[in-house]
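Undergrad: Spelled out from the first residue to the last, the chains are:
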Amino acid sequence: VQLVQSGAEVKKPGASVKVSCKASGYTFTAHYIHWVRQAPGQGLEWMGRINPNSGATDYAQKFQGSVTMTRDTSISTAYMELSRLKYDDTAVYYCARQNFGYDFDPWGQGTLVTVSS
Amino acid sequence: QTVVTQEPSLTVSPGGTVTLTCASSTGAVTSGYYPIWFQQKPGHAPRALIYSTNNKHSWTPARFSGSLLGGKAALTLSTVQPEDEAEYYCLLFYGDAWVFGGGTKLTVL
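Keeping their order, the protein sequence lines are chains W and X.
So the first sequence is numbered by the working numbering: it starts at 54 and just counts up by one.
So the second sequence is numbered by the working numbering: it starts at 2 and just counts up by one.
Possibly wrong hints are sitting among the right ones.
Unchecked claim - List time: in silico EDC-like cross-link candidates among lysine to aspartate or glutamate, alpha-carbon distance up to 16 Å:
(1) W:Lys65 to W:Glu134
(2) W:Lys115 to W:Asp156
(3) X:Lys42 to X:Asp97
(4) W:Lys64 to W:Asp156
(5) W:Lys65 to W:Asp141
(6) W:Lys115 to W:Glu98
(7) W:Lys115 to X:Asp97
(8) X:Lys57 to W:Glu98
(9) X:Lys57 to W:Asp141
As the list claims (entries may be wrong) - If you want the footprint, here are the derived chain W segments under chain X, 3+ residues with CB under 8 Å:
(10) 57-63
(11) 72-86
(12) 103-115
(13) 161-169
As the list claims (entries may be wrong) - Some chain W residues well away from chain X (every beta-carbon gap over 12 Å; in silico):
(14) Trp99
(15) Thr126
(16) Thr130
(17) Glu134
(18) Asp158
Simulated from the structure, these hints should not be mistaken for lab results.
Values in this document were obtained by computation on a predicted structure and should not be read as measured data.
Beta carbons are placed, not taken as given, at the ideal position from N, Cα and C, and that holds for glycine.
Model the full structure from these sequences, guided by the hints.
TA: What follows is the structure in structure tokens.
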């Protein structure tokens, strides 16, 4: 079971970024995928989750209107798109699978998104 | 806005015992918040040690245990080892959202 994320990105302020998270080793549609970010030297921040089976999403209030989580079940991949990027969106973005029993494992390796002019 | 509070930092001697706590601004933490405890070392992704209050993974050392204590979720490390020095985060479930605590930097000294 593993989650493999797309590579690092550098974006300008105001642009959008889309990070992918490819799942393998399990039935993709059976488990929520969550997205978590960590700014440099800071703590973990839950952004939201997607139900890969239905496509239903829940977003943290802070990210309502700026984040969109989607999935493509044909390739077992979840996506997180963040729009209207600001400098303080610079962070490592992680995806994580929610297991039965309310557990988060495994995690992707993380994707560094740098917002810079 | 819901806030989850952890001790910013704690120091423990090797071989000692330390308890980290996780409080919710909404009131007492119960099992219905499904507390999860993560360990994170620099440059690595977090890894869950404890889930649903007190359940361990196969890789969780026996010296780690989770509980509810005085209205908070708690992570207790017994017989602390130098390799336990890390950042620890709790995560709580609020129905349609999850919220992380700010993290506890544990120093083994």
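Undergrad: Far enough from chain X: is every CB of that chain over 12 Å from the CB of Trp99 (chain W)?
TA: violated, 5 Å
Undergrad: Within a Cα-Cα threshold of 16 Å, do Lys64 (chain W) and Asp156 (chain W) meet the stated pairing?
TA: violated, 32 Å
Undergrad: Does the claim that Thr130 (chain W) lies off the interface hold, with its Cβ farther than 12 Å from every Cβ of chain X?
TA: Holds: least Cβ distance 18 Å, greater than 12 Å.
Undergrad: Assess, step by step, whether the Cα of Lys115 (chain W) is no farther than 16 Å from the Cα of Asp97 (chain X), and give holds or violated.
TA: holds, 14 Å
Undergrad: What's the verdict on Lys65 (chain W) and Glu134 (chain W), does the C-alpha distance respect the 16 Å limit or exceed it?
TA: Holds, because 15 Å separates the two Cα atoms, which is no more than 16 Å.
Undergrad: Quick check: do three or more residues in the region 161-169 of chain W have a beta carbon closer than 8 Å to a beta carbon of chain X?
TA: The restraint on the region 161-169 of chain W holds, since 3 of its residues have a Cβ under 8 Å from chain X and three suffice.
Undergrad: Please count how many residues of the region 103-115 of chain W have a CB within 8 Å of a CB from chain X and say whether that reaches 3.
TA: holds (count 3)
Undergrad: Given the proposed pairing of Lys42 (chain X) with Asp97 (chain X), does the C-alpha separation stay at or below 16 Å?
TA: violated, 28 Å
Undergrad: If you draw a straight line from the CA of Lys65 (chain W) to the CA of Asp141 (chain W), is it 16 Å or shorter?
TA: Given that 16 Å is the threshold and the Cα spacing comes to 12 Å, the pair holds.
Undergrad: Would the least Cβ to Cβ distance between Asp158 (chain W) and chain X come out above 12 Å?
TA: violated, 5 Å
Undergrad: Take the C-alpha atoms of Lys57 (chain X) and Glu98 (chain W), compute the straight-line distance between them, and say whether it is at most 16 Å.
TA: violated, 23 Å
Undergrad: Do at least three Cβ atoms from the region 57-63 of chain W come closer than 8 Å to Cβ atoms of chain X?
TA: With 0 residues in contact (Cβ-Cβ under 8 Å with chain X), the coverage given for the region 57-63 of chain W is violated.
This entry does not satisfy hints 2, 3, 4, 8, 9, 10, 11, 14 and 18, going by the numbered hints stated previously.
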